[in-house]
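*Asks:* Chains A and B are the protein sequences, given in the same order. Take 1 as the starting number for the first sequence in the working numbering and just add one per residue. Take 1 as the starting number for the second sequence in the working numbering and just add one per residue.
Among the clues, some could well be false.
Listed below are several chain A residues computed to face chain B (Cβ distance under 10 Å; list not exhaustive) [unchecked claim]:
no., residue
1, V111
2, Y196
3, G199
4, Q267
5, G296
6, F301
7, S309
8, F315
9, W316
10, R320
11, T331
12, F346
13, G350
14, G354
15, I355
16, P357
Since the hints were made in silico from the structure, they are not lab data. Where a beta carbon is used, it is the ideal one built from N, C-alpha and C, also for glycine.
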Amino acid sequence: MTMYATRTRQARPEPFAVHVGIGERLGLAHMDWPLTITAVALVVFSCFTLGQATQSDVPGSPNYYLDRQAIYGVLGVIGMLLLTRIDYSRFRELRVGIYTFLCASVSLVFVFGFAARGSRRSFELPFFSFQPSELGKLLLVLALAGFVIDGARRGSPVQRTVRYLCLGLAPAALVFLQPDLGTSMVFVVATLAVMYFGGVPWTHFAVIGGALVALVALVLVAAPAVGHPVLHGYQEERLTSFLHPHENEAGAGYQQNQSVTAVGSGQTTGRGDKATQTRLDFVPERHTDFIFAVIGERYGFMGAAFVLSLYALLFWRALRITTLSKNSYGTLVAGGIAVSLLFQAFVNVGMNLGIMPITGIPLPLMSYGGSSVLATFLAVGVLQSINVQAHLSQRGRFAW
Amino acid sequence: MYLRNDDRPQGSRLSLRVAVLGGVAVALFGVLFFRLWNLQVLDGGKYLAEAKNNRTREFKVIAPRGDILDREGNIIVDNRTSLALQLNTSKLPEDQVEEREELERLGELAHMSLPKVRKAIKEGEEVAAGAPVTLRQDVGFYLIAYIEEHQREFPGVAVQRVFVRHYPDGTFAAHVVGSVGEINEEELEEPEYKGLEPGDEIGKGGVEYTYDKFLRGQPGLEKIQVNALGQPTPGGQLVSKSPTPGENVKLTIDPEVQAAGESALASQGLPGGFITMDVHNGQILGLGSFPTFEPADLTPPMSQAEVNALYRNELAPLANRTTEGLYPTGSTFKIITALAALENHVITPSTVINDPGELCVGSDCFQNAEGAAYGPLSLVPALEVSDDVFFYTLGLDMWKTNDLQDWAHKLGIGRASGIDIPVNTDGLLPTRKWRDDLFAEGETERPWSSGDNIQLATGQGDLQSNPLQMAIAYAALGNDGTIVTPHLAMEVEDAAGRVLKEFDPKPQRKIKMNAGTRSVIMEGLHQAAQGPGGTSEPIFGSFPIPVAGKTGTAERPGHADQSWYCILAPYPDPKIVTCVTIEEGGFGAQAAAPAAHTILEAYFHDRIAAESRAEGEGEEGGEAEIE
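So here's chain A without its partners, still in its complex pose:
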């Protein structure tokens, strides 16, 4: 397999002599530049769009969102660079601590958290609000991957599968109770991704898949029929309204109809400042969940397709890193991160386009929100770390 980039073979007088480039001068040798550029491009585009589209959102501060997102972006890049320089394998040893912190932070919101729109999801800190479930997406992957590697030979395959599921579903359940349906779904998907790369047999996935379908049927059909609805009414509506968008035009269907109209009206090259759907409040949450609709309306197919391509590129690089990883832990972590990014991007864009239910999942790096931007950059940083370590170990090999 020649997937690995190979440097020009030279006779080197001593081991570990390296070709000194800019990246190495910065201490960032072997960073995956396409990944970095893609991530930075996404957040820059996000700032640009927010700057243009949210001018009138906060009276007196036309650049409110732009400024803040830029700050989050800068902090995120710094975080990413820091993580690039360390060896991610350390996290495997810290898995118990990470997992505990994850569950604790997600539980504490119930007690100390700030309630907004009926759910307690974040802590109010002096300058921003910290949403532990966003970081939790990364933490879960890091911890669970460790547990999978560690318990790779403990118990029967079924026992292993059940164990991994329990480990993953516990924090997912906590998040679900906040209530935050969307993020809990990401937790579940991340769990499954780690298990997928961890070698859980296909048959087990088939069973899990069947169980999921049954669960959906139970939650959406059977339980309400019996009179014990699991989901809040609005949650259920939001999930199913995309199937019949014209039925509840004033309620749950409204957001999506407006979003679809916004995106469609952008046509090929977008409406620029004439984009009224996303300027005049017709699309709610346009700086967060529905930012893709803003892009669709303002920049048209050109802009929207460009953004989609960036996400495709992001995923490809992440998937590539999965194959490059020097150890299984890295594979699992990279796989978990890659799939959760793909899931979030697909569900969010799909929601904006009216083909996925409304779930409150942000668009990574584009949706406004400090916790999400930071957490995503940290995840990218971990990917970079895996990439760097993979190259370093390969180099070590080839250097012989």
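The hints should help you fit chain B onto chain A, whose structure is shown.
*Replies:* Same frame as chain A, but now just chain B:
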């Protein structure tokens, strides 16, 4: 240093899974791109149109309705502005609990209980579904300010400036002007209301109805850019079309005549009606009915109690007794009998008929009023004293033919008058055919007989008519055979008073009548009003203007006699005709004639004043005239 084998990613199994995942990712992105392409490139135009539509809201700006004026330009009906609390039911919250809470809050604010609010909504939707429901009129500023500040708590609630019909003189000419109300579903489908929407006001009854097209005006349009909450964005006024106010309708009503007639009826206190009409062109100078009503009471929103008070009132104040009354006319009918008899050569002006006090046909005997017997009479004295037997005889003479009915029909009895306000009945002229048909169907116990014609000759029996029809007939006599079209509207004006359209309807038909016929009947009426034996001489004997009038005392089964009076003035070339009827008023001279006197006094007010001034001067300085 090699890493331990266990730690290395597992070769082909891994690459299979990676490949599968990669394939899934490709498929997912493919779906997204495809959907994006669909929305933006293929269907983009449609969404663009929707987006543009979203961002504008159109507001209809209500136009003020035109005024209704009398012939001298005084306002009978105009508008005042009112702030109405309106509810757009389609914008209420979907959730039942939230909806109830909002309605409760709203009710508290408007001092209405929740059931009352719901009832108002229900009633509003029955009249005009889809239109904003008016909960209360004339709401105060506090309520308006509160609602505007708390707009979010009251979705669908708005305070709308509306125009409300205003009647400065209360009940003045109520039956003439009619009232306004919201258009209902059936009316919306009619062609004359094309372009109107639920919630629009139209005239219902009277002049408001007939001339609605002129009075209505055109609503204006405001198109503004709004955000998703429906709030106007700054600088977002796109289009502004001012409403076109309705045009004013000037009526033929003379304020003094109308007031005189209304007060004359009111002072008697009995149900009745009057009409004063120009004999040459059909302009109606006064038309009234008693008991009357306040048109302002018919302004929505109306409570059920208010509706009951008006519509279920036993005295029927909403009925227009002048145009829709169904009464026997008594002796006022005699001019028609006389015309028929003269023109068909049944008698001549000098034919003498003996009146022994009664006329018997078989076992039925028809008598004069109060058992009087006047002996031999010709036509003029018969009219003067209102001799019944004379006319019974004429009726008997004409019973085998249709002559009497033909003349009555020509003169407008039992047929549509052509008046320009809605009338729901044309009265009834009893004819042989009519009676015989009823008998054939078993609806009555005998066919046409001489007695029917005898009764008709004196305005009794099955005859059903009203002051309007009688006025037309008398006018025809006065103007020598023209059946005028009675009308209440003179012209349409704009706000500045410029005439936009005049109403001068052509006469409905012309009747040929002999000059001699006319003059002899007129002479008879003149004697009846001012001759020594005239039935209304006590009332009009000393009236300074020569007049020609006829009393009528109609028998109504189950009621006291009905008083009638019809008069043409001045004699011998009348300008106006006045007909009055008063239910249970007794003799014609008792109630109806004095009312007519009051009316004529008002009409001839200036002439009378001038003449009395002249008399006064004449008495003081008679010598001056000799030169």
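*Asks:* None of the hints should be skipped; say for each whether it holds.
*Replies:* Structure-based check of all given hints:
| no. | hint | verdict |
| --- | --- | --- |
| 1 | V111 | violated, 30 Å |
| 2 | Y196 | holds, 6 Å |
| 3 | G199 | holds, 7 Å |
| 4 | Q267 | holds, 3 Å |
| 5 | G296 | holds, 7 Å |
| 6 | F301 | holds, 4 Å |
| 7 | S309 | holds, 9 Å |
| 8 | F315 | holds, 6 Å |
| 9 | W316 | holds, 8 Å |
| 10 | R320 | holds, 9 Å |
| 11 | T331 | holds, 5 Å |
| 12 | F346 | holds, 5 Å |
| 13 | G350 | holds, 7 Å |
| 14 | G354 | holds, 8 Å |
| 15 | I355 | holds, 6 Å |
| 16 | P357 | violated, 15 Å |
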